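Trainee: Residue numbers (the numbering used here), protein chains in the order written: chain A, 18 to 308; chain B, 18 to 308.
Do not rely on the hints blindly, as some may be mistaken.
In this list, chains with the same sequence are indistinguishable; a pair is considered to hold if it fits within one copy or across any two.
Unchecked claim - The calculated DSS-like cross-link candidates involving lysine-lysine, where the alpha carbons are at most 30 Å apart (straight line), are:
1. Lys100 with Lys149
2. Lys256 with Lys100
3. Lys179 with Lys225
4. Lys146 with Lys256
5. Lys79 with Lys146
6. Lys28 with Lys287
7. Lys122 with Lys31
8. Lys285 with Lys179
9. Lys149 with Lys256
10. Lys122 with Lys236
11. Lys149 with Lys222
12. Lys301 with Lys149
13. Lys180 with Lys146
14. Lys236 with Lys137
15. Lys182 with Lys256
16. Lys149 with Lys180
If you're looking for bench data, these hints aren't it; they were derived computationally from the structure.
None of these values were measured; they are calculated from a predicted model.
2 protein chains.
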Amino acid sequence: MNSAQRLGFSKGTKLLIIHADDAGLSHSENRATIQSLEQGIVNSYSIMVPCPWFYEMAVFAKNNPQFDNGIHLTLTCEWENYKFGPVLPVSEVPSLVDENGHFYKKREQLRENASVEDVKNELEAQIEKAIKFGLNPTHIDSHMYSVGASPEFFDIYRELGKKYKLPVLINEQLMKIVGLNSEVNIKQEDFLIDRAYFGEFEYFKTGKLNDFYDSILEKLTGGLNLILIHPAFDDNEMKGITVNHPNFGSEWRQIDFDFFANEENKSKLKENSIELITWNDIRKAYNDGSN
Amino acid sequence: MNSAQRLGFSKGTKLLIIHADDAGLSHSENRATIQSLEQGIVNSYSIMVPCPWFYEMAVFAKNNPQFDNGIHLTLTCEWENYKFGPVLPVSEVPSLVDENGHFYKKREQLRENASVEDVKNELEAQIEKAIKFGLNPTHIDSHMYSVGASPEFFDIYRELGKKYKLPVLINEQLMKIVGLNSEVNIKQEDFLIDRAYFGEFEYFKTGKLNDFYDSILEKLTGGLNLILIHPAFDDNEMKGITVNHPNFGSEWRQIDFDFFANEENKSKLKENSIELITWNDIRKAYNDGSN
Numbered sequence: 018m019n020s021a022q023r024l025g026f027s028k029g030t031k032l033l034i035i036h037a038d039d040a041g042l043s044h045s046e047n048r049a050t051i052q053s054l055e056q057g058i059v060n061s062y063s064i065m066v067p068c069p070w071f072y073e074m075a076v077f078a079k080n081n082p083q084f085d086n087g088i089h090l091t092l093t094c095e096w097e098n099y100k101f102g103p104v105l106p107v108s109e110v111p112s113l114v115d116e117n118g119h120f121y122k123k124r125e126q127l128r129e130n131a132s133v134e135d136v137k138n139e140l141e142a143q144i145e146k147a148i149k150f151g152l153n154p155t156h157i158d159s160h161m162y163s164v165g166a167s168p169e170f171f172d173i174y175r176e177l178g179k180k181y182k183l184p185v186l187i188n189e190q191l192m193k194i195v196g197l198n199s200e201v202n203i204k205q206e207d208f209l210i211d212r213a214y215f216g217e218f219e220y221f222k223t224g225k226l227n228d229f230y231d232s233i234l235e236k237l238t239g240g241l242n243l244i245l246i247h248p249a250f251d252d253n254e255m256k257g258i259t260v261n262h263p264n265f266g267s268e269w270r271q272i273d274f275d276f277f278a279n280e281e282n283k284s285k286l287k288e289n290s291i292e293l294i295t296w297n298d299i300r301k302a303y304n305d306g307s308n
Numbered sequence: 018m019n020s021a022q023r024l025g026f027s028k029g030t031k032l033l034i035i036h037a038d039d040a041g042l043s044h045s046e047n048r049a050t051i052q053s054l055e056q057g058i059v060n061s062y063s064i065m066v067p068c069p070w071f072y073e074m075a076v077f078a079k080n081n082p083q084f085d086n087g088i089h090l091t092l093t094c095e096w097e098n099y100k101f102g103p104v105l106p107v108s109e110v111p112s113l114v115d116e117n118g119h120f121y122k123k124r125e126q127l128r129e130n131a132s133v134e135d136v137k138n139e140l141e142a143q144i145e146k147a148i149k150f151g152l153n154p155t156h157i158d159s160h161m162y163s164v165g166a167s168p169e170f171f172d173i174y175r176e177l178g179k180k181y182k183l184p185v186l187i188n189e190q191l192m193k194i195v196g197l198n199s200e201v202n203i204k205q206e207d208f209l210i211d212r213a214y215f216g217e218f219e220y221f222k223t224g225k226l227n228d229f230y231d232s233i234l235e236k237l238t239g240g241l242n243l244i245l246i247h248p249a250f251d252d253n254e255m256k257g258i259t260v261n262h263p264n265f266g267s268e269w270r271q272i273d274f275d276f277f278a279n280e281e282n283k284s285k286l287k288e289n290s291i292e293l294i295t296w297n298d299i300r301k302a303y304n305d306g307s308n
């Protein structure tokens, strides 16, 4: 049984969420995300609560409840010159930060240093901060899928979904990428995204991201599918943030924007009999107990 | 006796610091500040420790000790969509923040709400954070001169200068702008900037900022003078930060950059017999007890 069936559709229905990660990261990311939602084919996004531009995006989310908006739980900051850290005081979650009080760059550092308790407290604080601000999140996912850095962190992630009655992004391909054994760490009760799609550095480097995105739409199969993108502009701000980090860097993000903010690509969805679905739809099914 | 004389110069010597405020605020502000120092006539700047781009500017400061760099003590955040708050946990300085944990927009709100103890602890924490990061600050000044919101805050500011053996920016015109009685609040021991110059909204609105800057250089008189500017680019990031806030907004900051990063304006200093001096020069005199 695939997750389309769990949601009451036929096995062959090609369900798709087109999801913008990293809202709140920067003004550039916010502007591009908003335009991709309003003009393009993006139909869901999630916000990074610890980031400098959280406030701007959170105001948009409050004023635009018609758009799916989740919480992009954040435990890592991969950038060279642009830093952020926990929403909790550093003294309360010392195992999550480097000597300057910022998140570690890599999942491996997080795995080596972070205590389970600190991860739990920080992730919960991010959700609480969003709710206190007035957000009504539709789902939970995770920046760099760093919640998958260890089985213990992953359990916390799943439990937060239960606690807040929110669907969480669980997917085998993402688990594989971060080195989490899906055979052991997926539970019977988990609601799965059947297939997640995201660009690889090789596609970007060889100028084939657009082709990759086209091919996803053309070859999509039945079940619940998810495309993860990071729309932003290749402007001074994003160049500054992603300096020396072409992987998911500003040029890549501009390509994401250009493809997914393009209204003309709506026809590709129709041509390929793709049905967009939101996390909010899933949340409703989830909370009805029908999944 | 003017402050040129206190520094060992003749009364008529036209000493000038050309100072960029707000480094660390944004990537745009950092880039423009750095270019103004390297190519232009700016010869000093100060960093906002609580801001998102502090890290980038602090790395520059550590790697470029030839440039004067101070701490721009910050207790207010005047922007609509771009928010920051204390470096201390909000729970430790609750009187400094609004319901979202961000600094108040206005000095008046700070005056009404902030406790003397919270101001003291937060300002000291900002200096300590900078020093811990490896900075060797040359001076202390204050964003929006908000340390002048009350006589008690101003006393803390002065005491921090003593504690860290750093000169602090004390000037009658700035005190007047923020409503602090200079007759009562300037002490015999204070080292004063004789005259501080900064743009006014009227000049910006009527397109006369450039003329104003030219006239400062042409009409400068003997003593210790200070020009306060805010170089940045009128780009998407700064437009986003300063939205609905043309006063010291992105267009204004671009004008500041264009004028003071312009190498050709070096000749104007020479033509007008202006001698640039740094806060570091003042610090040395200050710590020798010669002032």
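Trainee: Look at each hint and say if it fits the structure.
Mentor: For each hint, the structure was consulted:
1. Lys100 with Lys149: Both: 24 Å inside a copy, 16 Å across copies.
2. Lys256 with Lys100: both (14 Å within a copy, 21 Å between copies)
3. Lys179 with Lys225: For Lys179 and Lys225, the Cα distance exceeds 30 Å both inside one copy (39 Å) and across copies (60 Å).
4. Lys146 with Lys256: both (29 Å within a copy, 27 Å between copies)
5. Lys79 with Lys146: Close inside one copy (14 Å), not across copies (34 Å); limit 30 Å.
6. Lys28 with Lys287: within (19 Å within a copy, 80 Å between copies)
7. Lys122 with Lys31: neither (36 Å within a copy, 49 Å between copies)
8. Lys285 with Lys179: Answer is neither; intra-copy 36 Å and inter-copy 68 Å both fail.
9. Lys149 with Lys256: The answer is between: 28 Å across copies meets 30 Å, while 32 Å in one copy does not.
10. Lys122 with Lys236: neither (34 Å within a copy, 52 Å between copies)
11. Lys149 with Lys222: Close neither inside one copy (41 Å) nor across copies (39 Å); limit 30 Å.
12. Lys301 with Lys149: Only inside one copy: Lys301 and Lys149 sit 22 Å apart there, 49 Å across copies, limit 30 Å.
13. Lys180 with Lys146: within (15 Å within a copy, 37 Å between copies)
14. Lys236 with Lys137: neither (39 Å within a copy, 62 Å between copies)
15. Lys182 with Lys256: neither (38 Å within a copy, 38 Å between copies)
16. Lys149 with Lys180: within (16 Å within a copy, 39 Å between copies)
In this structure, the hints that do not hold are numbers 3, 7, 8, 10, 11, 14, 15, in rising order.
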